[in-house]
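Take the given structure of chain A and dock chain B to it, following the hints.
Protein sequence lines correspond, in order, to chains A and B. Mapping to the numbering used here: the first sequence position 189 is 294, numbers consecutive. Mapping to the numbering used here: the second sequence position 88 is 193, numbers consecutive.
Quick caveat, the hints were computed from the structure, so don't treat them as lab data. One thing to keep in mind: the hints can contain errors.
Since the list gives no way to pick one copy over another, a pair counts as held whenever it fits inside one copy or between any two copies.
[Stated by the list, open to error] Computed cross-link-like contacts, DSS-like style, restricted to lysine-lysine with a CA-CA straight-line distance of at most 25 Å:
#1 K337 / K277
#2 K204 / K368
#3 K399 / K150
#4 K351 / K399
#5 K337 / K150
#6 K116 / K398
#7 K248 / K337
Number of protein chains: 2
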Amino acid sequence: MTFSEKLLHYKNITEAGLERYTRFVPKKQEKLFEAMKYSLLAGGKRIRPVLTFEFARLCGGREESALPAACAVEMIHTFSLIHDDLPCMDNDDMRRGRKSCHRQFDEATALLAGDALEIYPFEILYDSVGYGVSAENTLKMVKLLAEYAGHMGMIGGQQVDTQFEGIPLGEKELTETYRLKTSRLLQAAACMGCLSAGAGEDKLKIAFEYGDKLGIAFQITDDILDVCGDTKEIGKPVGSDKENNKETFVSLFGIEGAKERAKRLTRQALDLLDGFADGGFLKELTVELLNRKK
Amino acid sequence: MTFSEKLLHYKNITEAGLERYTRFVPKKQEKLFEAMKYSLLAGGKRIRPVLTFEFARLCGGREESALPAACAVEMIHTFSLIHDDLPCMDNDDMRRGRKSCHRQFDEATALLAGDALEIYPFEILYDSVGYGVSAENTLKMVKLLAEYAGHMGMIGGQQVDTQFEGIPLGEKELTETYRLKTSRLLQAAACMGCLSAGAGEDKLKIAFEYGDKLGIAFQITDDILDVCGDTKEIGKPVGSDKENNKETFVSLFGIEGAKERAKRLTRQALDLLDGFADGGFLKELTVELLNRKK
Chain A
106 MTFSEKLLHY KNITEAGLER YTRFVPKKQE KLFEAMKYSL LAGGKRIRPV LTFEFARLCG
166 GREESALPAA CAVEMIHTFS LIHDDLPCMD NDDMRRGRKS CHRQFDEATA LLAGDALEIY
226 PFEILYDSVG YGVSAENTLK MVKLLAEYAG HMGMIGGQQV DTQFEGIPLG EKELTETYRL
286 KTSRLLQAAA CMGCLSAGAG EDKLKIAFEY GDKLGIAFQI TDDILDVCGD TKEIGKPVGS
346 DKENNKETFV SLFGIEGAKE RAKRLTRQAL DLLDGFADGG FLKELTVELL NRKK
Chain B
106 MTFSEKLLHY KNITEAGLER YTRFVPKKQE KLFEAMKYSL LAGGKRIRPV LTFEFARLCG
166 GREESALPAA CAVEMIHTFS LIHDDLPCMD NDDMRRGRKS CHRQFDEATA LLAGDALEIY
226 PFEILYDSVG YGVSAENTLK MVKLLAEYAG HMGMIGGQQV DTQFEGIPLG EKELTETYRL
286 KTSRLLQAAA CMGCLSAGAG EDKLKIAFEY GDKLGIAFQI TDDILDVCGD TKEIGKPVGS
346 DKENNKETFV SLFGIEGAKE RAKRLTRQAL DLLDGFADGG FLKELTVELL NRKK
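Pulled out of the complex, with its shape left as it was, chain A reads as follows (with noise of 0.2 Å):
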């Protein structure tokens, strides 16, 4: 498979099995169904759960032991998209160029939805024992993801954002914050990989360290795209973070300071992937990601 290909069956997969877990739908609870859908299934690139597949297939893992550590990490991302764009957070009319969840459905759906789908990975982690993945390594992936998501990872890194928005905090604070908001859930992704596959302590330092790189350096892609990128393409306006007085890598060292940074931080996750004998995959990726118009 050709690097393109191997990234769409990650994706196609990831959709099937997303499908799968919201197909059954009760009659009461259809709107809020509707809405977890309405955002699980908008697209999106599944960085996420390709990390997943990755490093369980490089630790000599089989894919459908990963898929529902995959599907868990998307619908935390997913439920994180929601609740950031609420208009007491971010207040965003769009999301992947359609409707945000509150704008389709209202306030409360997504409200609900965002909570829904916090919570739902976790009874689908579950299923990773029926695929062969020890009780053991799946209580270690609900730990995990728990502890990258919760208030000392993703979602404390919301909180930090939302809560210095407009006051300068420097490099190494706005780092710190990249770090907690986009690090950690990359992080659980491919170490829940590794767990899936039953890889030691030596990989899953590997998964950490790369996972912790790659989200600085995505952070500062973004901040460089909502300068330089188009609305079309991205999917929501650009210069926001100017209109909202944010600090960024580009306010604080420019265009060409910001670029070097993410740059930079995509060599050091780069010279982590060495780590695997085969890392050719995932190396495309994380330089692909660093070229991204979107």
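For chain B alone, kept in the frame of chain A given last:
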């Protein structure tokens, strides 16, 4: 220990546990932690943890083995209260005699504090293993809590409750809504207690059925208190159901009819407890919840 002493004991160890689980505060997430603690340590009946501890004891388990599950279920309950009070949901200014979370802080912080308290439980449940619960049973607790709190349980019930406000449902549908909204989390509390003690299917079945009856009776009693209760004792204004044109057991059957139904369910719950040799405490609790003034 008398009934009251035991109830206080369970309340105290729950609060000590919750305190310990929210003690460490990283500087930047201080506000988020404050909001989490504000709602988590605001008192309340702590019925769910009490059920977890007592079912664990009835199944021959140890208190400390049930502690993570007891704290976990109380966090889920608290998350649901915080989000339920938000302007886009019930828009309640008061909770447990003081300002609701978004009134004390702000909407974004309340949203994120709820999000954090929804996911932290899955990190905490991992601790059960350290107290001698098997990985298999801990994983079963994870799945059970996620399922009963999620779109097929409590969150699903919230959505049905919100969506069908003002639309007459009739007794059967209203009972089903109460089952989702209230019974499911009580069932999770009771069943996790059994699982922490390594109990078999027979005990789990009793806990499940008991939680079902208790939850519906509890919700009907809430309906009655909203008409007959005292604002000061309850800590939030009464009469809101009528004001919001909400269908309740009181609107369907009058106060006496609602009381009769709550009593019948309580009797059924009490009968189920005959399945345990030493169910005295739980029986007293069950009757007390029926006769509560708040």
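So, going through the hints one by one against the coordinates:
no., hint, in the structure
1, K337 / K277, "neither (32 Å within a copy, 49 Å between copies)"
2, K204 / K368, "neither (33 Å within a copy, 48 Å between copies)"
3, K399 / K150, "within (10 Å within a copy, 50 Å between copies)"
4, K351 / K399, "within (19 Å within a copy, 46 Å between copies)"
5, K337 / K150, "within (16 Å within a copy, 52 Å between copies)"
6, K116 / K398, "within (19 Å within a copy, 55 Å between copies)"
7, K248 / K337, "neither (38 Å within a copy, 41 Å between copies)"
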